[in-house]
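Please build the complete structure, drawing on both the sequences and the hints.
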Amino acid sequence: MPFVEVRNLVQRYHGSDFNAVDDISFDIRKGEVFSLLGPNGAGKTTTISILNTLLSPTGGSATIDGFDVQKNQMEVRRTIGVVPQDLALYEELSGEENLRFWGEMQGIPAGTLKKEIREKLALMELEDRARDRVKTYSGGMKRRLNLAVGLLGNPKLILLDEPTVAIYPQSRRYILDWVKKINARGTTILYTTHYMEEAQELSHRIGIMDHGKLIAIGTLEELTQLVGETETVKLKLIQELDRENLIARIRAFPEVSQVTARQDEIILNVGSATEILPAVLASASELGIGIRTIDLQEPNLEAVFLQLTGRALRD
Amino acid sequence: MRKLIVMAFKEIMVTFRDVGALMSMILSPLLLTLAIGAAFGNGGSATLSDIPVLVLDRDQGRFSEELRSVLDKQQEEELLAIEYVSEEAAARERVEADEVAALIIIPQNMSDTIVPIAPLVEEQLGMDILGMSQEDIASLTTEEQIQLGRISQQTLEEKPDPAVVEIFASPDYQISASVIKGIVQSVLERINMTMAGMNIIIEDLIQQQTDSGSDVSIDLVNPFSAESGEQGNNTVEDLPISIQVISPSGRSFSWLDYSAASMAILFLMFGVTSGGRTLLAEKRLGTLPRLLVSPTKSLVILIGKMAGIVLTGILQVGILWGATSLIGAYWGPAGVVVVAIVALVIAATGIGALISAWSKSPGQAGAIGAAFTLIGAAASGSFLPRGNLPQWLQTISFITPNAWGIEIFARLQSGGTLQEIWPLLAGLGILTLVYYLIAAFGFRRDFQ
Numbered sequence: 001m002p003f004v005e006v007r008n009l010v011q012r013y014h015g016s017d018f019n020a021v022d023d024i025s026f027d028i029r030k031g032e033v034f035s036l037l038g039p040n041g042a043g044k045t046t047t048i049s050i051l052n053t054l055l056s057p058t059g060g061s062a063t064i065d066g067f068d069v070q071k072n073q074m075e076v077r078r079t080i081g082v083v084p085q086d087l088a089l090y091e092e093l094s095g096e097e098n099l100r101f102w103g104e105m106q107g108i109p110a111g112t113l114k115k116e117i118r119e120k121l122a123l124m125e126l127e128d129r130a131r132d133r134v135k136t137y138s139g140g141m142k143r144r145l146n147l148a149v150g151l152l153g154n155p156k157l158i159l160l161d162e163p164t165v166a167i168y169p170q171s172r173r174y175i176l177d178w179v180k181k182i183n184a185r186g187t188t189i190l191y192t193t194h195y196m197e198e199a200q201e202l203s204h205r206i207g208i209m210d211h212g213k214l215i216a217i218g219t220l221e222e223l224t225q226l227v228g229e230t231e232t233v234k235l236k237l238i239q240e241l242d243r244e245n246l247i248a249r250i251r252a253f254p255e256v257s258q259v260t261a262r263q264d265e266i267i268l269n270v271g272s273a274t275e276i277l278p279a280v281l282a283s284a285s286e287l288g289i290g291i292r293t294i295d296l297q298e299p300n301l302e303a304v305f306l307q308l309t310g311r312a313l314r315d
Numbered sequence: 001m002r003k004l005i006v007m008a009f010k011e012i013m014v015t016f017r018d019v020g021a022l023m024s025m026i027l028s029p030l031l032l033t034l035a036i037g038a039a040f041g042n043g044g045s046a047t048l049s050d051i052p053v054l055v056l057d058r059d060q061g062r063f064s065e066e067l068r069s070v071l072d073k074q075q076e077e078e079l080l081a082i083e084y085v086s087e088e089a090a091a092r093e094r095v096e097a098d099e100v101a102a103l104i105i106i107p108q109n110m111s112d113t114i115v116p117i118a119p120l121v122e123e124q125l126g127m128d129i130l131g132m133s134q135e136d137i138a139s140l141t142t143e144e145q146i147q148l149g150r151i152s153q154q155t156l157e158e159k160p161d162p163a164v165v166e167i168f169a170s171p172d173y174q175i176s177a178s179v180i181k182g183i184v185q186s187v188l189e190r191i192n193m194t195m196a197g198m199n200i201i202i203e204d205l206i207q208q209q210t211d212s213g214s215d216v217s218i219d220l221v222n223p224f225s226a227e228s229g230e231q232g233n234n235t236v237e238d239l240p241i242s243i244q245v246i247s248p249s250g251r252s253f254s255w256l257d258y259s260a261a262s263m264a265i266l267f268l269m270f271g272v273t274s275g276g277r278t279l280l281a282e283k284r285l286g287t288l289p290r291l292l293v294s295p296t297k298s299l300v301i302l303i304g305k306m307a308g309i310v311l312t313g314i315l316q317v318g319i320l321w322g323a324t325s326l327i328g329a330y331w332g333p334a335g336v337v338v339v340a341i342v343a344l345v346i347a348a349t350g351i352g353a354l355i356s357a358w359s360k361s362p363g364q365a366g367a368i369g370a371a372f373t374l375i376g377a378a379a380s381g382s383f384l385p386r387g388n389l390p391q392w393l394q395t396i397s398f399i400t401p402n403a404w405g406i407e408i409f410a411r412l413q414s415g416g417t418l419q420e421i422w423p424l425l426a427g428l429g430i431l432t433l434v435y436y437l438i439a440a441f442g443f444r445r446d447f448q
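Quick note, the sequences are listed as chains P and Y, same order.
Heads up, the first sequence is in the numbering used here, so the first residue is 1 and it goes up one at a time.
Heads up, the second sequence is in the numbering used here, so the first residue is 1 and it goes up one at a time.
A few of these clues could be false.
Which stretches of chain P does chain Y cover? Using the computed rule of at least three CB atoms under 8 Å from a CB of chain Y, they are [unchecked claim]:
1) 50 to 57
2) 69 to 78
Take a look, some chain Y residues computed to stay more than 10 Å from chain P by CB distance [said to hold, decoys possible]:
3) 30
4) 62
5) 97
6) 123
7) 150
8) 375
With a straight-line Cα cutoff of 16 Å, these simulated EDC-like cross-link-like pairs (lysine to aspartate or glutamate) come out [stated by the list, open to error]:
9) 135/P x 18/Y
10) 213/P x 201/P
11) 3/Y x 97/P
12) 142/P x 210/P
13) 283/Y x 91/P
14) 181/P x 201/P
15) 283/Y x 201/P
16) 73/Y x 50/Y
17) 297/Y x 75/P
It should be emphasised that the hints constitute simulated quantities derived from the structure, not laboratory data.
Predicted, not measured: the structure shown is a model, and the values here were computed from it.
Cβ coordinates follow ideal geometry from the N, Cα and C atoms, glycine included.
Here it is, written out as structure tokens:
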């Protein structure tokens, strides 16, 4: 039996004329890292909000460890740990006081909580600043404390909603390593992101979402097979002038399966990059368009998303 | 229960660690109270007219007549609306019922106490000395003048008990009572100056008699003539007469007392509306959603949060009560003050919750809260005694906790007891219930 089971989940917000989550179904197995990958507005956070019982779905069902997210809310809440996208901490309290408060709210007995707080502070390397008010912490330290709160009570499932948004690369690296470490202890993780690299690095399986729909699901290998033997070529232009003419010419080449453009970048999926590139460069030259860089990529999630939606992941 | 206590305790910690909040909650009202207390002391002033006053004249003497003439003059100038009465008990009842601002009781022996020589001269010499002109006195025989001098010396040596002009004032007309006291005091000042001049003449007469035994001219002027007043420079405290302003319960109005309570209520309102706003702030910051996905019932979160705001408010007003008491403000009997503070804070928190429940953002709640607090404070009498506000405004202001709080503390400060304020507490309780019901209806959006 899957640890998380989502069936035909639908969420439509009051007054909206479209579904934020549109009939999605997926499972998460015990002990795996499952990522929901998609651009902003794809429905990832709404899905997490239904699973953590904050929202009641308009339709469908979801269970966590056998508990229905609507009917058994308290049991679900005792099973999960939540790390929200934004920091959810009290800045006037110290790190230790925050952990104590959230631990109490989690219902952890006082004796166990004391030990847990010490453990979590050590795990997040915050022992030295434990008694300082959170408002004096750096952004990275706050992120680590935010994660520590999600770990209180050693939940079986941790829901991480875009935990690396707007942070420095060093802190991002720390969080990714931390996710691996926690997962290695046997904790099941649902991770949402719009960074393809994070999903590729962390996930046992990935669900790709767009416009509220789950458009693909599988392991990285399974997903990349969807785009076949194609390669992705990224051309960075010196100037955007005449870009549309160049795109029209590229689309005319039979070897090109998909073309998309974003500002000064043209991305194309091709059977063999080495065969098509001379013709593409010649066309650019004829139109007087300079090429700054050419980037060749093996099949990846970006290409999958492009293949499935016709848009780049960051559009 | 434990989670509820943890929630409440967290709320208090977060609030009391915020220096800005502490300044607003504690320091500002304390400084304002000090400033108002220093500016007005135990008196006060305001633009007033037709102050309803009862006068009971038991003296019917020369000096009470003078006092009455001054009061009548103030009536002509529409400052006072005088009614002379003869029944003391009935008059006191009218003050207690707040029908009139005050009852002035002129004691029976006032004129004799002020000029004790007059009755003695009348008794021993058969003369009305106060009715005599300068010429009349000059024409007295030497023997009569010597006797007059002796009587004067005798009365100067005997210090009679002071007569007390009582101003029995309603606590609902604090400023009016101060105005009435001022008028009476000014009359007594004039009498005092006159008497000082008379004393100088009599002393001079005695001295001359002692030195030469020859005829002397006594310049016993009309006590109320302007020139005689200029001779003395004593104050009313030197007169054998005093003014006592008392309320039905025996305590007089004090601006310090009044402003200590009213400022505390005003800043309590700021505090709790700001506290209620923290619900929206927590929603925006993400701590509320995080709380809502913890295994804690929504109702426990809401009650815990409100309990924290209530406790913070109680601490705030408690600290202000203690601090202002140290500088001399009186709030009422301690036990009843505690009951009143708790009831008031719960009500005020209700209005904070109501505003938060129906606002869309912390900014909107803050603006509505500040507007409600300031308008409510002005309409309830935080800046001016309630009794001086128009009746319709006093009535409307009962939709705010400020009005109930000011009424309750004004009564306690003038000597009221729990029995006397329980109808007010009951009224406040009903209003509190209404606040929380409307708030609960609004909170369903966030906590369902």
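>> Just want to verify: residue 150/Y was marked as not at the interface with chain P; is every Cβ pair farther apart than 10 Å?
In response: Given a closest Cβ separation of 83 Å, the condition holds.
> Is the straight-line distance between the alpha-carbon of residue 73/Y and that of residue 50/Y 16 Å or less?
Replying inline: Holds - the C-alpha atoms of residue 50/Y and residue 73/Y are around 12 Å apart, at most 16 Å.
>> Can you confirm whether the C-alpha distance between residue 283/Y and residue 91/P stays at or below 16 Å?
In response: Given pair residue 283/Y, residue 91/P holds - Cα atoms ~15 Å apart, limit 16 Å.
>> Using Cβ atoms and 10 Å as the threshold, tell me whether residue 62/Y really stays out of contact range of chain P.
In response: Holds: least Cβ distance 72 Å, greater than 10 Å.
> Against chain P, does residue 375/Y keep a CB gap of more than 10 Å to every residue?
Replying inline: It holds; residue 375/Y is separated from chain P by about 31 Å at its closest Cβ, greater than 10 Å.
>> If we take the beta carbon of residue 123/Y, is the closest beta carbon in chain P still more than 10 Å away?
In response: holds (82 Å)
>> Just to be careful, I want the Cα atoms of residue 297/Y and residue 75/P compared with a cutoff of 16 Å; is the pair within it?
In response: Between residue 297/Y and residue 75/P the Cα gap is close to 12 Å, so the pair holds against 16 Å.
> Given the hinted pair residue 283/Y and residue 201/P, is their alpha-carbon gap at most 16 Å?
Replying inline: With a Cα-Cα distance of about 33 Å, the restraint between residue 283/Y and residue 201/P is violated, given a limit of 16 Å.
> Going by Cβ atoms, does residue 30/Y stay more than 10 Å from chain P at every point?
Replying inline: Nearest chain P Cβ is 23 Å from residue 30/Y, so the label holds.
> Taking only the CA atoms, is the gap from residue 3/Y to residue 97/P under or equal to 16 Å?
Replying inline: holds (14 Å)
>> Can you tell me if the segment 50 to 57 of chain P counts as covered by chain Y, using C-beta to C-beta distances under 8 Å and a minimum of three residues?
In response: As far as the segment 50 to 57 of chain P goes, the hint holds, because 3 residues have Cβ atoms under 8 Å from chain Y.
> Regarding the pair residue 213/P and residue 201/P, is the alpha-carbon distance no greater than 16 Å?
Replying inline: violated (23 Å)
Comparing the model with each numbered hint stated earlier shows that hints 10, 12, 15 do not hold.
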